[in-house]
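Novice: Listed here are the chains, written in short residue letters.
Number of protein chains: 2
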Amino acid sequence: MYYLGIDLGGTNIAVGIVNEKYEIITKGSVPTLANRDGKLIIKDMAELCKKLVANAGLTLDDIAYAGIATPGTADSDTGVVVYANNLPFENFPIADLLKEYLGIKTVYIENDANAAAKAEAIAGAARGAKYSVMITLGTGLGGGIVLDGKVYSGFNHAGAELGHIVIHKDGKQCTCGRKGCWETYSSATGLVNMTKEHLIKARENGVKSLIEDMINGDLNNVNARVAFAAMKQGDKVGAEIVDEYIDYLASGVTTIINIFQPDVFSIGGGVCNEKDYLLKPLCEKVAKETYGNGGGPRTEIKIAELGNDAGILGAAVLGL
Amino acid sequence: MYYLGIDLGGTNIAVGIVNEKYEIITKGSVPTLANRDGKLIIKDMAELCKKLVANAGLTLDDIAYAGIATPGTADSDTGVVVYANNLPFENFPIADLLKEYLGIKTVYIENDANAAAKAEAIAGAARGAKYSVMITLGTGLGGGIVLDGKVYSGFNHAGAELGHIVIHKDGKQCTCGRKGCWETYSSATGLVNMTKEHLIKARENGVKSLIEDMINGDLNNVNARVAFAAMKQGDKVGAEIVDEYIDYLASGVTTIINIFQPDVFSIGGGVCNEKDYLLKPLCEKVAKETYGNGGGPRTEIKIAELGNDAGILGAAVLGL
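For the record, the sequence lines run as chains F and L.
Numbered per our numbering, the first sequence spans residues 1 to 320.
Numbered per our numbering, the second sequence spans residues 1 to 320.
For the record, the hints were derived by calculation from the structure and aren't laboratory data.
Keep in mind that this is a model prediction, so the values were computed, not measured.
Worth double-checking, as some hints may not be accurate.
All copies of an identical chain are treated as equivalent in the list; a pair is satisfied when it fits inside any one copy or across any two copies.
Said to hold, decoys possible - Listed below are the simulated DSS-like cross-link pairs for lysine-lysine, each with C-alpha atoms no more than 27 Å apart in a straight line:
(1) LYS51 x LYS39
(2) LYS169 x LYS288
(3) LYS275 x LYS169
(4) LYS43 x LYS27
(5) LYS172 x LYS288
(6) LYS105 x LYS39
(7) LYS99 x LYS21
(8) LYS105 x LYS50
Next comes chain F alone, as it looks inside the complex (with noise of 0.2 Å):
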């Protein structure tokens, strides 16, 4: 059987067949032309899901269900997307309207982070790890729950909102109403502002850096590289935003980890391809910080693995 896999976001839907050996074996994307009506952004997705099957030498007969990875707050008992920032989904029942328009039985939806975590679960990083706890380091910070083999979102499926618990009270404002998130810090736009924020202040000490020749001066042209690529040229303006990134991401990590003690804490998203000089650090200092259980075995934080198809993946498994 093949799995669809269909990973919806504000600007493309991103759809994949997925075989039982967890692989991708064709994918299309079609834009999500978020400023309609609903039921016209289902439509295309259903034509992208037919015209794929059918490419593929398939029937819908050989498809066990369909999966969709939502932004948002996703009812996965009812297939209603409660709510969403930037799409036009209030109270929307987008698993009802897929069956109906592709013409398959079976559809699930679940929060895309969240689907993300149990991709990660499944077939990722924390592969046959009874609890694991994933966030994704990109625009903002997302986080996603698998307690034995589901997950968790609790009693009204808005849970594992990591980005959203403050790690510095009365901090930076967050998009969210409250100050001091996590995600103000420890997204790749937290860690974009953290290198304007040196930067602007080197500039008044006088130091010079060399993000400046890589920015051409402008702090336009900053983004979630250039301090490493800066450190790693031995820059000590870069080595310095490195490490205050990276101390914020391991109070989060450390705090997550004090509550769920999951057997794999993994992380995406693009700022994880500075790999191991993200993880190292990251790993020391979070070991310095974890609540003491007497030398007990520790949570293993690791890299996520599936990249940018964690979505299709993660929709393609949920049913599972």
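Chain F is already provided as a structure; the job is to place chain L on it using the hints.
Specialist: Chain L only, in chain F's frame:
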């Protein structure tokens, strides 16, 4: 049938016989005398159990099992206390020893805060909740998580350390080694320290507080009740302390809700005797901060119901 609930503390061992309605039909206690061979502690525990069973006109055949709520990291699978800060236990098989000394077949163990949370979930404030979280505001800040009727404590039974989530990075020094742990602000000890700090500042600014009379002008007499007591009498300093205390408490509660979205979040410990003076402003602050889910249902925040008996009852329900 009856259950033996054993609340093992650093100072006393309290034992209760609990019936199927979760009522304690008799209870007693002996000193722990923690600075001795651990086996002697368990022997005294067994003797107290025997005495209470006999006094109640029962025999061991009437006892379904015994449960022990213990400080520290308790491996509920093996009955071994992995580590406890204030008891001479390291990888110490307290369940097996109690079975031997008491002569019964089944003994469960669990960390005390986790057991209290289970008691509230079965017979207290979180009755009927699918997911519940409890914190206890005492000398420290203890946490317990109950998901689908089961205590959640991670792969190494060291999780649910909710007091050791950092809510203010690089903040107040915690006994666990981290800085800015929730426990340092929101435990009863945290409230005492906050009260002292405000009084010192008030003295510096020449502001007179009613608290000064309550403590006879001696900061050593500050306890966790005086700020609330003064606030109730219209004292400005008292009101400021209470507001700051509840502000930090709300920050941590909101963070835990954003992670777990439990049906019920319950709060136990001495500070809860302030009832609505604590609960009402807390709920208002949390409602303002909790991550949006489109106006959907919200976690119910409640004062715990089982009070000082939570330890005995928590131990007694471990087999359920």
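Novice: All the hints need checking, so say for each whether the structure fits it.
Specialist: We went through each hint and held it up to the structure:
When the C-alpha separation of LYS51 and LYS39 is checked against a cutoff of 27 Å, the pair qualifies only within one copy, where the shortest distance is 18 Å, while the shortest distance between copies is 71 Å. Proximity of LYS169 and LYS288 under a CA criterion of 27 Å is satisfied in both settings, with 22 Å inside one chain copy and 15 Å between copies. Proximity of LYS275 and LYS169 under a CA criterion of 27 Å is satisfied inter-copy only: 25 Å between copies versus 30 Å inside one chain copy. Only within a single protomer do LYS43 and LYS27 lie at most 27 Å apart by alpha-carbon distance; the minimum there is 17 Å, versus 66 Å between protomers.
With identical chains, the CA atoms of LYS172 and LYS288 are at most 27 Å apart both within one copy (25 Å) and between copies (17 Å). Proximity of LYS105 and LYS39 under a CA criterion of 27 Å is satisfied intra-copy only: 18 Å inside one chain copy versus 61 Å between copies. For the identical chains of this complex, LYS99 and LYS21 are intra-copy neighbours only, at 25 Å inside a copy versus 48 Å across copies, given an alpha-carbon limit of 27 Å. Only within a single protomer do LYS105 and LYS50 lie at most 27 Å apart by alpha-carbon distance; the minimum there is 14 Å, versus 60 Å between protomers.
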